[in-house]
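> So the chains spell out like this:
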Amino acid sequence: MRVYGTEIASRLLLGTAQYPSPAILAEAVAASGAGVLTVSLRREGGGGAAFRELVARTGCRLLPNTAGCHTVKEAVTTAQMARELFGTNWIKLEVIGHSDSLQPDVFALVEAARILAAEGFSVFPYTTEDLIVGERLLAAGCEVLMPWGAPIGSGQGLRTPSALRAMRAHFPGVPLIVDAGIGAPSQAAQAMEMGFDAVLLNTAVAKAGDPVAMARAFARAIEAGAEAHAAGLMPPRDMAVPSTPVLGLAEFG
Amino acid sequence: MTFSVLGAGVAGLCCATMLAEAGLEVEVIDSQPDPQGASWFAGGMLAPFCEGESAPAEVGRLGRDAADWWAARVPGVVRAGTLVVAPPRDGAELTRFAARTEGNEQVDAARIAALEPELAGRFERGLFFAGEAHLDPRVAMVALIDRLRGMGAALHFGEGAAPQGQVIDCRGLAAREVVPGLRAVRGEMIVLRSADVSLSRPVRLLHPRFPLYVVPRADGHFMIGATMVESDHDGPVTARAAMELLSAAFTLHPAFAEAGIVELGAGLRPAFADNIPAIRYSGDGIHVNGLYRHGFLTAPALARQLVADLTQSGEVRHAS
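Taken in sequence, the protein lines are chains A and B. Reminder that position 14 of the first sequence reads as 69 in our numbering, one-by-one numbering, no gaps. Reminder that position 31 of the second sequence reads as 272 in our numbering, one-by-one numbering, no gaps.
Same shape as in the complex, but just chain B (with noise of 0.2 Å):
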């Protein structure tokens, strides 16, 4: 039995590497030519307390242990928690987010200072949430691809292979129509490259209407993300956003207004009425999706999720 996972995002590279790692015959297919779609504007964040502010309990307990999965698969983990942090009038929300999460200590400007010594002196109290990750999703997603390959599973991009096996279809909004109640949650964000500022860990900076965070990459390189928009335009970034996502980031640290703007990135999540990933059996196949802006949190544990179901069955199971 071969299992045709449709889509090379997060999704669908996590459960053709759990696939694969339980012996099965797997293949990936996905039609366009290079990797795109929601998991290539990922922040990358593994942050299962803080997405706890406004995520349900559900997805926090799916991504408890992605860190970790990670981790034993792809380079570039780095496990050295969250900063979250406020401008001084809004630092009720820091009440707030403090309130509605789990796992976070109070830091003062002190301790930030030590953190992350590029905000000494900007923030006078924060949260640090030390049990959090972050990777690049870019350098994730090829070097899931590359243990792909070497496990021996075909991997098809661009239009033209059909699919030989068990269809496993992890195409996210793609699959909108065959998959009910899917909507898209569109995100903009933005990379930019700064020599001034260096940070160790993503930082959050909330703010009522445009909570931003950044999350450092390789070579000076910072993410900048993202917006939540409930609307299904894949157009470019708005003017609207960019000025957002870049006036949070300047109140975060002057300096990134002499950074370099590399990208400007617009995606669509695809998300379930109730924000929380499902894996449905159905009479056209199984579909993983709905994991929305908590690809890289919840992934490896919906891949565990289906493997386990498909083998613990014997046989693939069908719809019920």
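With the rest of the complex left out, here is chain A (with noise of 0.2 Å):
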């Protein structure tokens, strides 16, 4: 996958939040074969350094994240102050509109989108399979596209599989990326097989019972269901073919 003219070699996005340790982040990043890693800003400020420092460690690109902004303004100042912490103009847009949804708030998010790209910022902006939202990001300056597969944290999967089909074929050539609501190594292989470029994903491996283990699970997940897709999943049919013909079979008995 390239994005802002960067080639991501791994498909698999990490999210560094609620893990039971630092450690236990590493050991699941270097399992799951991740090469971006997402850090949130907003609540840490400037006082989480020693956290960065060891997330930086993983040697992941990082993509922070304005992760529990409300507005266009706290969004647009967090992005500025991850450019100045982390040295990177990548930005995962979130500009929440809903405290206890979680859900993006689009209008806002276009708004500060438009801003940041045109201070230079790599914006991944977290939306939803709305095609005009998408439309109006693309337009703001943004190069690639985060829907939703279902509301953070809530671990439903593809919560309108058609949706986000009609979204792949709307934008084709566009990288698009799955970002929240993933719960299951399955549900990521979904979206794979409908030709989504990459999943993001936190919740589902850092609360895992095994958070190292579900890494790579899903790592193998994004693996088949990118390579399903490369070679062309057979369309579903209303009636059985037989693999093998049976007419002229010879009859015994």
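Keep in mind that a hint or two might mislead.
Ranges of calculated distance between the beta carbons of each label pair, as one might list FRET restraints [as the list claims (entries may be wrong)]:
hint, chain 1, residue 1, chain 2, residue 2, range
1, A, Gly142, B, Asp525, 19 to 27 Å
2, B, Arg305, A, Arg116, 39 to 47 Å
3, A, Phe162, B, Ala361, 39 to 47 Å
4, A, Gly114, B, Pro477, 34 to 42 Å
5, B, Arg450, A, Asp293, 39 to 47 Å
6, B, Gln347, A, Arg214, 24 to 32 Å
Worth flagging that the hints you see were computed from the coordinates, not collected in a lab. Bear in mind the structure is a predicted one, so any value in this text is a computation, not a measurement. C-beta atoms are modelled at their ideal positions from N, C-alpha and C, and glycine is treated no differently.
Fit the two chains together into the complex; they arrive one by one in their own frames, and the hints show the way.
Right, here's the structure in full:
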């Protein structure tokens, strides 16, 4: 997958929150083969240097995020701070519309994306599957879209598969990363089979009984899904189709 | 041989206590005039089973005998278990918690009402950890200080005291410069006083984003804790943290809305990358650190291990 001129080898992007410890986080990242990690900033502020250093030590590219921001101003300020602290123009842009549902405020999202893109940021917007919002984000300067699978942390998987399929078809050639709501490796595989470019997840790995094993399981599922998509999936049929012809076979007894 | 314990937090006081009990000469030095730091803001839950939800098994093992240790030395250790509940829509969190922990039993609404009458009708199901206990950290720390003085130990608070013997560094984050790999995990807590609510044991309210515990203390006081933020910022409690803690308390019992806010406190927990405490022997001394959110739970076992190390070798063990 190529995003903002950078080749990303792994199709799994991981969050860094809620792990039992930074040590287990590092192990899970290694097991997953993830090349990009997203790190929150809003709450930790400048005081999280020790944790940032532990995350940086994984060798992964860091994608700071604006999780916890509810307004355009908060998100823009947090992104600017992230650029200072992490030394990167990459920003995963989240503007939360409701503190309970954590649904993105797509109006504020487009506005913040426009401001940040103009300031030279490479914006990774956390959005819904809405096609017009996607178009507005691209017009604002985004070169990648990150639609939700389901609400953050819900583990429901792809809640609206048909809408996601439509989005994939509507934006050929645009990198699309399913972000949020993935609870099981099979759901991640489903997204990849549908032709999405990558999957970003956090809770399903961080809060697993064994985060390291779960990270590995997700990596395998995503690889399988991507390979299946590339190989060409057979379309479902209404009727059975025998794999060997039955007509003309000898009948015994 | 005198042992100079640096830091009068829970790690230092437990180490000093075990050294003194082993008949060794000990002094405690803390640069602050009053107790503060992470221990002062702790919840005081002796919960080796509940903590197993996210902590490594080693932490539960270290904490298995903590309640016995404390009960033998300080007043106010309550062995009434821990109750874990979740709002109806977060029932999945309860299932997850049960699957990740040992030592619990499923309880229904009737049993919850029997355990905590004030919570009657509020929760349909929960988990009860009968084998857990709690204490008031501030009462326990003051009691250990008195006990150490009674055993003849010297305690120096405030600037100026220089260590006279073999240093055992229990300073938590203040030792960051000399203990590699130590980081801060900020915690915020609130103390409420309510005449309307009464609880017999710590109650944990599960929530996917704001897990919270309420620990009852004397005279209608309740400690509401605690946030976990990967930050070494030691400023005052943020409005966000206060709102999260208070709204979770309100979810547990609406009468907390009328409680008085007695204290808003923030502290920095010292932690290693694996969140497991450790005794480290290095060239410049012995370091007991990284107790993270498990100070009162693991300090007794660490202190016991320290004294065993020191007495087994016949003399002070140095860097290896």
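> Against this structure, judge whether each hint is valid.
Here is what the structure says about each hint:
At roughly 34 Å, the beta carbons of Gly142/A and Asp525/B sit outside the given window of 19 to 27 Å. One distance hint, 39 to 47 Å for the beta-carbon pair Arg305/B and Arg116/A, holds here, with the actual separation near 42 Å. For the pair Phe162/A and Ala361/B, the supplied restraint of 39 to 47 Å holds, since their beta-carbon distance comes to about 45 Å. Distance hint check for Gly114/A and Pro477/B: the Cβ-Cβ separation is about 36 Å, which falls inside the suggested range of 34 to 42 Å.
Under the hint 39 to 47 Å, the C-beta atoms of Arg450/B and Asp293/A, about 45 Å apart, fit the expected range. Look at Gln347/B against Arg214/A: about 30 Å separates their beta carbons, and that is inside 24 to 32 Å.
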